[in-house]
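*Asks:* Sequence:
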Amino acid sequence: MLFRLFFLALLSLVALVWWRGARVREIAVHAARRTCTRLGLQFLDDTVALIQWTPKYGGRHGLHLVRRYRFEFATDGEKRFEGFVDMIGNELHRVILSPYSEPTA
Numbered sequence: 006m007l008f009r010l011f012f013l014a015l016l017s018l019v020a021l022v023w024w025r026g027a028r029v030r031e032i033a034v035h036a037a038r039r040t041c042t043r044l045g046l047q048f049l050d051d052t053v054a055l056i057q058w059t060p061k062y063g064g065r066h067g068l069h070l071v072r073r074y075r076f077e078f079a080t081d082g083e084k085r086f087e088g089f090v091d092m093i094g095n096e097l098h099r100v101i102l103s104p105y106s107e108p109t110a
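Under the working numbering, the sequence shown has 60 at position 55, and the numbering climbs by one with no breaks.
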């Protein structure tokens, strides 16, 4: 009986982490798309990929997860450049774009 209760609690925790992670990923996609649109860039593949997941403690957030997502963008649709979205908990921290060159006409 105790094992079943423990297993159910563990399964619930995994489901909660997955559900919150999916929501945070949606926020990261929106932030990357919005940044690219604002700068006149093309947000490629319409997705982000989780590349780093770190638990941290401190500041106003207390215990939280810091996630870094990677995405790709282009200026002309040919050469791909890399960008990153950093999330603290479920809040956007920053969007970082690698140096890119404007297309020549």
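Careful: at least some of the hints might be erroneous.
As the list claims (entries may be wrong) - Derived EDC-like pairs (lysine to aspartate or glutamate); straight-line CA-CA distance at most 16 Å:
1. K84 / E107
2. K61 / D91
3. K84 / D50
4. K61 / E96
The hints are simulated quantities; they were obtained by calculation from the structure and are not laboratory data.
*Asks:* Look at each hint and say if it fits the structure.
*Replies:* Going through the hints against the structure:
1. About 11 Å separates the Cα atoms of K84 and E107, which keeps this hinted pair within 16 Å; it holds.
2. For a cut-off of 16 Å, the pair hint linking K61 to D91 stands: about 13 Å separates their Cα positions.
3. Using a Cα cut-off of 16 Å, the hinted pair K84 and D50 holds, with the two alpha carbons roughly 13 Å apart.
4. A distance of roughly 14 Å separates the Cα atoms of K61 and E96; the hinted pair therefore holds under the 16 Å criterion.
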